[in-house]
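A.B. asks: The chain contents come next:
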Amino acid sequence: MNNLGDFVVIIVLLMNLMMLSSSRIRTCIRIVAGQGILIGCMPLLNDFHLILPGMVISASLSIILKGFVFPWLLFRAVQEANIKKEVEPVGGYPLSLLIGVMIFALSFWLSTRLVYTKPLVSHLAAPVSFATFFTGAFIIVSRMKAITQVIGYLLLENGIYLFGAAFLSEQSLLVELAILLDIFVAVFVMGIAIFHISREFDHIDTQKLSELKDSIISKQDI
Amino acid sequence: MINILLIIIPLFSGLALFLIRNDFVRRNLIVVCSGAHLALTCLTWLKRSNPALAGWFMFDNVSIIFLTITSILFFGASVYAVRYLADESLEHLDEAEKPQIFSREAVFSGCFLLFLTTMTIVIASQHLAVLWVGVEATTLASAPLIYFHRTKRSLEATWKYLLICSVGIAMALLGIFFLAVANNNHSDLLLGKMIAHAAGMNIPWLKAAFLLLFVGYGTKMGIAPFHTWLPDAHSEAPSVVSALLSGALLNCAFLGILRVYQICIAAGLQAYCQELFMFFGLLSIVFAAVFILKQPDYKRMLAYSSVEHMGIITLGIGLGGSAVFGSMVNMIGHSLTKAGLFFIAGNILSYFKTKKIGEIQGLIRGEMQWSGVLWLVGFLIITGTPPSGIFFAKFIILKQALLQKHYGMTFIFLAALAIVFIGMARIFISMTQGPAIKIVGQGDLNKHNRGNAFLSLVPSALFFGLAISLGVYFPAWLSKALAIAAKELGGL
Chain A
1 MNNLGDFVVI IVLLMNLMML SSSRIRTCIR IVAGQGILIG CMPLLNDFHL ILPGMVISAS
61 LSIILKGFVF PWLLFRAVQE ANIKKEVEPV GGYPLSLLIG VMIFALSFWL STRLVYTKPL
121 VSHLAAPVSF ATFFTGAFII VSRMKAITQV IGYLLLENGI YLFGAAFLSE QSLLVELAIL
181 LDIFVAVFVM GIAIFHISRE FDHIDTQKLS ELKDSIISKQ DI
Chain B
1 MINILLIIIP LFSGLALFLI RNDFVRRNLI VVCSGAHLAL TCLTWLKRSN PALAGWFMFD
61 NVSIIFLTIT SILFFGASVY AVRYLADESL EHLDEAEKPQ IFSREAVFSG CFLLFLTTMT
121 IVIASQHLAV LWVGVEATTL ASAPLIYFHR TKRSLEATWK YLLICSVGIA MALLGIFFLA
181 VANNNHSDLL LGKMIAHAAG MNIPWLKAAF LLLFVGYGTK MGIAPFHTWL PDAHSEAPSV
241 VSALLSGALL NCAFLGILRV YQICIAAGLQ AYCQELFMFF GLLSIVFAAV FILKQPDYKR
301 MLAYSSVEHM GIITLGIGLG GSAVFGSMVN MIGHSLTKAG LFFIAGNILS YFKTKKIGEI
361 QGLIRGEMQW SGVLWLVGFL IITGTPPSGI FFAKFIILKQ ALLQKHYGMT FIFLAALAIV
421 FIGMARIFIS MTQGPAIKIV GQGDLNKHNR GNAFLSLVPS ALFFGLAISL GVYFPAWLSK
481 ALAIAAKELG GL
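Chains A and B supply the protein sequences, listed in that same order.
Everything in the first sequence is counted per the numbering used here, starting at 1 for the first residue and increasing by one.
Everything in the second sequence is counted per the numbering used here, starting at 1 for the first residue and increasing by one.
Take the hints with a grain of salt, since some may be wrong.
[Stated by the list, open to error] Straight line, CA to CA, 20 angstroms or less: simulated DMTMM-like cross-link-like pairs of lysine to aspartate or glutamate:
#1 B:Lys294 x A:Glu211
#2 B:Lys355 x A:Asp214
#3 B:Lys353 x A:Glu80
#4 B:Lys356 x A:Glu211
#5 A:Lys118 x B:Glu367
#6 B:Lys356 x A:Asp214
#7 B:Lys356 x B:Glu367
#8 B:Lys193 x B:Glu488
#9 B:Lys487 x B:Asp60
#10 B:Lys193 x B:Asp60
#11 B:Lys355 x A:Glu211
#12 B:Lys294 x B:Glu359
#13 B:Lys207 x B:Asp188
#14 B:Lys152 x A:Asp214
#15 B:Lys152 x A:Asp205
#16 B:Lys152 x A:Glu80
#17 B:Lys438 x B:Glu359
#18 B:Lys152 x A:Asp6
#19 B:Lys152 x B:Asp188
#20 B:Lys47 x B:Asp60
#21 B:Lys152 x A:Glu211
#22 B:Lys353 x B:Asp87
#23 B:Lys294 x A:Asp214
Honestly, the hints are just simulated from the structure, not real lab data.
Just need the whole structure built from these sequences, with the hints factored in.
C.D. replies: This is how it looks when you write it as structure tokens:
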């Protein structure tokens, strides 16, 4: 619809790919924070007369949370858990990137199936928000460390927020604040959990969190 | 007014509990607060109060049933928790606790009541986004409860619970946004308004929204194949928490799905939703049957039995007709019985200190004989032996499946139920029969705590009594309330 909107959305998309290819946890946290700030600005890219005071409040709060508070919490977790190693994707970086591109193709196909006729900030908003959502989900299942899973969760939330910013014009401020609060507490609780995991296990490798499982053919005698 | 009190009382007591240092005051405040919640719930039955806060919080014909189940379970659990916390603090007396801002028990008690608060918010909310906020908040309030024992295993369970449920619930949030788009941004997300506008909704978006919400809340509800967090969390959490997760939380997540289903019915999408309900319901029953058969851990066995019952309830909603009524009865019966069974499992665990089925025998002969007897009674009720309420419910659902000529489904359903029965019978019989094992030293602890030992049996006995009475005598007011609720959920 407007050029600035398209530009922002394309940067968000490129950040997803950067995320999949970067090897350092600190870089990943910075990328997800930058993406959060960009997406937080999205509601303000509408035509000027459509912007309401409520939108400004919720946008600035989400920029503060996603751009500054969450990265701070994550950096602290990195420091306390003494994480030095790299991201360690299952299957390596080239495969991750390839899957990232496939996710984008899938998201484009999905967005053509769901027709929306009203004008949007950017006509790329739907596919990019789906792509961000799925990339987040992919990072959660393919990265081994607990902290990278939280980063994946934040990416997923960014995708949802981008969708909301592009498609939903009038939302209740209270509801939005409640949703933000929920996500904040979720990240906070996950940060505490990471701290406990690193203290108990001396690592935060979730693939080694495998004491609890069931198999259909049980070897133990009952 | 009552709507708000139901949320505010546990909220503020929960926050206060973090600060109270006296064990006696803390434990009794939980019971008092849950008792007040139950009393207010009874008042809600007598006089349906007006919607509060711009119509966001209200108890309608469907949610009042969920409220009642949750409130009764929490009251039973709070009575049980008094004994549980006393036992725990006796056992950990010698362990010098590391200096922390809040003691372990204060965190447990506070989160216990916050868990009640968040569930009440889920049940009361008529606004779908507020309902979402509530469901996410239940995850966050219950995570510290699961991590109560502070062991590696409980940490692993807590992490899986947090992450899998948060991702699931994030999908549900996307679903809610889809729902708003389907509604063409007409009005806010109030249930009543959305049902009124349902005819003009954008159908492809609504279908996608239902799918996302079904998978999202289904993760929290424990529908296979999204149930993977459930056995871990239920087996590692303290038994009193497992009882609440299984009996109350799973239902609350299901209420989230049912709310969207109500909108879909009004939009003429009932058949589409029913197919999903039936497929995933049946899949859950089969999954549970497979994993119960060779289960070596009795708490995990109970968890899989919850997956099975969630499957039965979902299947019943999917079949429609009178099966919806059956589903509601099954839900009440399952919540009461499963909570009771988890309480007993907690007694067994605190005596034997093991969750392995193979290491326990002779329950009905040893010092744990009353727990043993109740353990067997609970088994008979949960597997649907007549005259329990669950038998009655399964019978109605089966009858409806046959009426609609779903013969293949009926066969799979019956076969899976038979497998579950055989698997559970083997476990329960091997645990209760045989020569008794005497654990040296444990008897003394129980004597020390005799008055409290009584408290550990009463909630289960009462719950089992209620579950059996559902099959023998069904009060007219309850049957009327369930029929009205079933009608709103696409049944007869």
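A.B. asks: Evaluate each hint against the coordinates.
C.D. replies: The hints, checked one at a time:
1. B:Lys294 x A:Glu211: holds, 18 angstroms
2. B:Lys355 x A:Asp214: holds, 14 angstroms
3. B:Lys353 x A:Glu80: Answer violated: Lys353 of chain B to Glu80 of chain A is near 34 angstroms, above 20 angstroms.
4. B:Lys356 x A:Glu211: holds, 15 angstroms
5. A:Lys118 x B:Glu367: violated, 71 angstroms
6. B:Lys356 x A:Asp214: holds, 13 angstroms
7. B:Lys356 x B:Glu367: holds, 19 angstroms
8. B:Lys193 x B:Glu488: holds, 15 angstroms
9. B:Lys487 x B:Asp60: Measuring from Cα to Cα gives roughly 13 angstroms; hence the hint holds.
10. B:Lys193 x B:Asp60: Holds: Lys193 of chain B and Asp60 of chain B sit about 14 angstroms apart, inside 20 angstroms.
11. B:Lys355 x A:Glu211: Within the cut-off at roughly 14 angstroms; holds.
12. B:Lys294 x B:Glu359: holds, 15 angstroms
13. B:Lys207 x B:Asp188: holds, 19 angstroms
14. B:Lys152 x A:Asp214: Holds: Lys152 of chain B and Asp214 of chain A sit about 18 angstroms apart, inside 20 angstroms.
15. B:Lys152 x A:Asp205: Distance ~13 angstroms between Lys152 of chain B and Asp205 of chain A Cα, so the pair holds.
16. B:Lys152 x A:Glu80: holds, 19 angstroms
17. B:Lys438 x B:Glu359: holds, 12 angstroms
18. B:Lys152 x A:Asp6: violated, 47 angstroms
19. B:Lys152 x B:Asp188: violated, 44 angstroms
20. B:Lys47 x B:Asp60: Within the cut-off at roughly 12 angstroms; holds.
21. B:Lys152 x A:Glu211: holds, 9 angstroms
22. B:Lys353 x B:Asp87: Judged against 20 angstroms, a Cα distance of about 13 angstroms means the pair holds.
23. B:Lys294 x A:Asp214: holds, 10 angstroms
Hint compliance for this structure: hints 3, 5, 18, 19 are broken, all remaining hints hold.
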